[in-house]
Amino acid sequence: MNIEEFKKSLQPTIRELRFTLKRVRKSPLSLAGMVILAFFAAIAILAPVLAPPTSTDPYQMPHTGWNPIPSPPSPEHPFGTTYQQYDIYYGCIWGTRTAFRIGVYVVGAALLIGITLGSIAGFYGGLIDEILMRLTDIIYAFPGLILAMAFVVALGRGLDNVLLALILVGWPTYARVTRGEVMRVREEDFVEAAKAIGCSNFRILLRHILPNAIYPVLIMASLDIGGIVLTAAALSFLGLGSGPSYADWGQLVANSRDYITGSYGNTLAYWHAFTIPSIFIFTFVLGWNLLGDAFRDILDPTIRRR
Amino acid sequence: MGGLRSYILRRLLLMIPVLIGVSLLIFAVTQMFTPEQRAAAFIRGEPKNPNVVKQIIKKYHLDAPVYVQYYYWLTRLLHGDLGISRSAHIPVTQAILQAAPATIELVMFAIPITILLGIYLGVLSAVHRDTIIDHLTRVWAIIGWSLPTFWLALLLIALFYGYLGWLPPGRLDPQIELFATSSSFVKYTGIYWIDGLLNGHPEVTLNSFKHLILPVITLVIISIALIIRVMRSSMLEALNKGYIVLARAKGLPLKIVINKHARRNALIPVVTVSGVLAAGMLCGVVITETCFNYMGLGYFAAHAAMQLDIPGVLGFALFVGIVFVIANLIVDVMYAYIDPRIRLG
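Protein sequence lines correspond, in order, to chains A and B. Heads up, the final residue of the first sequence is numbered 306 in this note's numbering, and it's a clean run with no missing numbers. Heads up, the final residue of the second sequence is numbered 1345 in this note's numbering, and it's a clean run with no missing numbers.
Only chain B is shown next, with the shape it has when bound in the complex:
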């Protein structure tokens, strides 16, 4: 596995310039504002005294030359200081850390379901190429790909909450939320269904599942098209290979040939698009959480954007950029692990 280790090392080193670039891009955006506007990131509420703004500009070097500002900005960033969010009324870092578990809770269901169901439907579609199953799957994938996330979410809310009254928005029912945020409920992870089990309160777990159903369905329908598409075309390619013909010719049953010979090889491209899938999820989460009043990262970002909360939006973008770079690194390493041609090539 020596090849893999040096591959990971090489990728880690390559990540550094990208991360610096990411920070430079966000810093460049902050430079589009006046020093007074940038000073707002350090003030809670509305500044009453103009002298306070001047003091802050001086204290944080907001009118210094650009490279000096970048130095101080980067130093603050490395200390986890992204300024104060005007929409959340707390520091941006704190807001992100508070909101992250909710989004993780959502995505930990949405991503596996999307990938597994997408692979299943993609294989089904390829194996039954040009039959009714194939057409239905593809049409469904294209519809999911074309649906505005907010419409799907709003329709589900109107139907399952407004009309049927089954599945309410939010993360928990109000009474249960009151209990779950009280001091008698220990927050081990911030993920309610896990904390509910750890605290010995399964009703919290069940209630959080009830609230997760609709947002997870929304995210899956929106993102699954990509996986179906990639899986279908790579499966079609794999089914056409010589070793498939050979396996069939030597008398292996079709099911084994599909599952063991074709599908395994066809899975590799799915790994490479999982980075794109992660990006789609992160964007989907912004709209989905806003529609469902689900107070995670996306909800925070959308509300920061609605209120033109500059530190909030830029802090979130920077955070997502870093997460995404790391996610892509993991995808690349997984890819190299699965496919030796990459790490040795």
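Pulled out of the complex, with its shape left as it was, chain A reads as follows:
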């Protein structure tokens, strides 16, 4: 095949890609999502400038004193402090890095496991496929947050264990999608051709099938980051995170759990302590979901061109 022919064969793919990008550009919701995520990426990159770390571990929030009562925003603490005087501004800024880390680690690891197992199951079928699908059935038999909660309690508190639990709960979805795609591509003519010229199974799977099967699961997974950060925040809120001093949005809310309503006469005294970190969580997740919602509409073939 010469280059001209190759370009020609790519044309429908490129046309579809252009169409998708055009739809993304035209959708105000997805643009809003992108702006939000760019904003958070900037915060994460600039964290050392925005909130200079005071100790060797930048994720340890500085705190002044052990006073359990949250204090309101002041020039020193622009967002106020939580219980035990942890600085909310510092926690929110460095928490952005934590949020990206949670999302990228969990999605990355779950994808790696899901794609590996899913493609093996889809390609070989038979007993391996059967065992794997029954395994995913079992994990699907639990609502995600609750199974993750059980795993964290078994593994012990801490953000690393929260991540591990979310990976264990998250991979089956990606395995199933990959399996389905691999089974579809496996029937294509070019796979038959690759077999005929004597390619090894490994090579066929890696070079011929996966590149054609992997995109739906990649897009789907990257848009799951918002939901994963939300679940991780819920687990931190339940006291399963890395402890009160760790810069994590869910942890900041957990720190203020006992200070929801203020004293008599000033009932909204502590609103900032749970609201400001929650706004960070909400906006971050909203950014991903806005992008995800637009993408799902654009990629859904049944409503794509209407």
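To be clear, the hints were calculated from the coordinates, so they are not data collected in a lab. Ideal Cβ positions, reconstructed from N, Cα and C, are used throughout, including at glycine. Just so you know, nobody snuck in bad clues.
Keeping only pairs whose Cα atoms sit at most 30 angstroms apart, straight-line, the calculated DSS-like set for lysine-lysine is:
(1) B:1241 with B:1255
(2) B:1260 with B:1241
(3) A:22 with B:1241
(4) B:1250 with B:1260
(5) A:26 with B:1241
Incomplete in silico selection of chain B near chain A, CB under 7 angstroms:
(6) 1018
(7) 1022
(8) 1162
(9) 1283
(10) 1287
(11) 1321
Computed spacing ranges between beta-carbons, pair by pair:
(12) B:1276 with A:46: 32 to 42 angstroms
(13) A:17 with B:1097: 52 to 62 angstroms
(14) A:203 with B:1019: 38 to 48 angstroms
(15) B:1259 with A:193: 47 to 57 angstroms
(16) A:258 with B:1190: 24 to 34 angstroms
For chain A, the structure is supplied; the task is to place chain B on it using the hints.
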């Protein structure tokens, strides 16, 4: 209906391996602990004598080979023995049974409201596609989907309880709760608003409604996005079908075409996602009940997790797993009942 009966039978048989798998998964988690840690599930309070722990390990075969342990563990499970919860200070099974009516009370309002309102808004959004109604509905759905449950709950508490003083947390006001837990109030169901009516005390019913408003609103806002989304896209698909054009062409009014022709067919996917909805509710309940001090299953689970009460959390997870498998079975059967293509296919 012969097709349906054999379909149900097939699904019931398929449920058995999943249930065994569920039990194996939870059992595998228990194996991550030492026999001493596992022995704690059989002791009330702190064990003072190390010999007691040894006796318990021996009595319950906690240091036996794994398959022997699984046998004894499964036997205990089938007898309803999940160990003693350290956070609730009672056996886990008893704690779950005590807490279940409260959660049922919450969910029996939250689920129908979510489904009906979600269908209504989804249809509205699809029929008025790309208008301001559609945009507002979708933005609202995405916001609800992105809100941290705890923030919504805490905001509602701060506003309606802390600031306005209208809607207090908990299941009942303290005085009424004292009366409702006394011996002169018969607990027929454990669901306060029903028991209030059965006992002839409507003030208990009204008070329990007052306490239900905020948690139900929280659960509905969090879960409704899914229904709106599915209903909108399946309605858009249905509106594009040939029979809609035909119905319009023969002069039927738009309202009838939407309600009778499009909406009925568009409802089927909503049935299939109701399993996902149930899962979302069960997770939402954990956070919502914790925030509102509403002593149901979620409250029990969250407090077990906070205190690292291993039998409590694992028992709850197992219980939820079983409930969820059964819920999915019901959804599948409903789906097959509505759509003959499934049971005959």
